[in-house]
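S.K.: As a plain string of letters, each chain reads:
Protein chains: 2
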Amino acid sequence: MIKWFKKISSRFQKDGNFFFEIEKITGFRPRSEAYYELALRHSSASRENRGRKVNNQRLEFLGDAVLGAVVADFLYDQYPAAGEGFLTSMRSKIVSRKHMNQLAIQIGLHKMLVKKTPRNTHAKSIYGDAIEALIGAIYLDRGYDACKTFIEERVLRQQVDLERLENRIASHKGALLEWGQKNKRQIVFEVTGCWGESHARKYEITVLLDGEALGTGKGTSKKRAEEEAARLAYQTITDKT
Amino acid sequence: MIKWFKKISSRFQKDGNFFFEIEKITGFRPRSEAYYELALRHSSASRENRGRKVNNQRLEFLGDAVLGAVVADFLYDQYPAAGEGFLTSMRSKIVSRKHMNQLAIQIGLHKMLVKKTPRNTHAKSIYGDAIEALIGAIYLDRGYDACKTFIEERVLRQQVDLERLENRIASHKGALLEWGQKNKRQIVFEVTGCWGESHARKYEITVLLDGEALGTGKGTSKKRAEEEAARLAYQTITDKT
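For the protein sequence lines, the chains are P and H, in the order given. Note that the numbering used here has the first sequence beginning at 1149, numbered continuously upward. Note that the numbering used here has the second sequence beginning at 1149, numbered continuously upward.
It is possible that some hints are incorrect.
Heads up, the list lumps identical chains together, so a pair's fine if it works in one copy or across two of them.
What the hints assert, rightly or not - As a list, the in silico EDC-like pairs of lysine to aspartate or glutamate whose alpha-carbon atoms are at most 16 Å apart: (1) Lys1332 <-> Asp1293; (2) Lys1371 <-> Asp1221; (3) Lys1172 <-> Glu1301; (4) Lys1263 <-> Glu1185; (5) Lys1201 <-> Glu1185; (6) Lys1350 <-> Glu1338; (7) Lys1296 <-> Glu1232; (8) Lys1332 <-> Glu1196.
Please keep in mind that the hints were generated in silico from the structure rather than gathered at the bench. From a predicted model like this one, the values you see are computed outputs, not experimental measurements.
Given only the sequences and the hints, what does the whole structure look like? Please build it.
M.R.: Here it is in structure tokens:
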């Protein structure tokens, strides 16, 4: 009897703590614990249910979309005169895997994640995935408006330095193309070289501004070469103007 | 006096019609007309406001994100046992530009768009953009839940054939990689050829399954060559299994 009581009370203790920890992060008490338990279960620690692996990936899919909507709404409000190009670029920077991972650690979510993976694989994205799964859980538990409150109050306003993000260029290729469109100048990326065996192929890409070479980049993928070429071209342009 | 009365009543008439047309499409009366007027103004028919072009592009940015969230929620509910790979792929198919354009025409939105572009440029995406802008307008006018009702009731349930979409493969490369992951087989895309002058470069790409060549594709871009190689490889696999 005492044993049973101890077991029950320790479970209540645990649940109480879990609720409390979630509340510390989200700002409100969860209604249904199950969503949050699932949100914090990384795929390396999946449960089995009728032959199906149960972990936070489905909630991450849902939360990622809700996050996108809330951030879009926030930026639409925050920058009433900005064009959709700027809004899109700001949103990409906010919801980038690297940034979300960092935010998850800032709000203390990393301590709560249930996982069974070696330490060094964590850094990449699992906390960013977990914060999205948490948003999915809040959405199912309390609805869209609660997600909006959580993301705006606890994440965007407290943890995100918008001004710093504004000045960080996520993609030089994107910035260059946007500049071209705005200034009605033609920007073309041309593969000007490609060599090496298939396992070690290299590319050279040149940016042409109205047909004139403006920057050349090399890289082990076309994307890398493009980005390098665009960075140099963008520098040349912004130095001039 | 009669002239003034005529002017006023004709404006009421016009507004009344506009409200009514919006109601026919969305299922409810708009509260603030201005959002909808903006949503239906294509960039070719921009208004000027303090040197800034005013059209539906900002609302499209917002509505696109809200659409993504509602569709994610809908699919999460609709397919309780599906993995996030399937959910992501279904969402891509639903919100693809081509599909949204088609849906906008099905619900009659194309007749309401204000635009000044030649006829043949319409087909591509402007109606799909407008339906997203309309969702942005509903969001600002009536909130997230109204968007959810509109998208689920008027678009997804009435206009979308989920079963048909399930069977349509959006990207053979994606399908192949998913198959590999599910069956724990290694899929590698290797550039096995690359030739021609820069303005007419061609690529050859081979798909390797656990190191063995399974399909080879050629194309004027790496992406095209990959897709062709993946299509052949996927056919080989699905014929066997």
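S.K.: Evaluate lysine 1296 and glutamate 1232 at a C-alpha cut-off of 16 Å and name the case that applies: within, between, both or neither.
M.R.: neither (21 Å within a copy, 23 Å between copies)
S.K.: When no copy is specified for lysine 1172 and glutamate 1301, does a C-alpha distance of 16 Å or less occur within a copy, between copies, both, or neither?
M.R.: within (13 Å within a copy, 37 Å between copies)
S.K.: How would you label the pair lysine 1263, glutamate 1185 (within, between, both, or neither) given a Cα cut-off of 16 Å?
M.R.: For lysine 1263 and glutamate 1185, the Cα distance is within 16 Å only inside one copy (12 Å; across copies 50 Å).
S.K.: How would you label the pair lysine 1201, glutamate 1185 (within, between, both, or neither) given a Cα cut-off of 16 Å?
M.R.: within (15 Å within a copy, 48 Å between copies)
S.K.: Checking an output row: lysine 1332 and aspartate 1293, CA cutoff 16 Å. Within, between, both or neither?
M.R.: neither (41 Å within a copy, 40 Å between copies)
S.K.: Evaluate lysine 1371 and aspartate 1221 at a C-alpha cut-off of 16 Å and name the case that applies: within, between, both or neither.
M.R.: neither (31 Å within a copy, 33 Å between copies)
S.K.: When no copy is named, should lysine 1332 and glutamate 1196 be tagged within, between, both, or neither for a Cα gap of at most 16 Å?
M.R.: neither (56 Å within a copy, 18 Å between copies)
S.K.: For lysine 1350 vs glutamate 1338, is the C-alpha pair at or below 16 Å within one copy, between two copies, both, or neither?
M.R.: This pair counts as both: shortest intra-copy Cα distance 14 Å, inter-copy 13 Å.
In summary, the numbered hints that this structure violates are 1, 2, 7 and 8.
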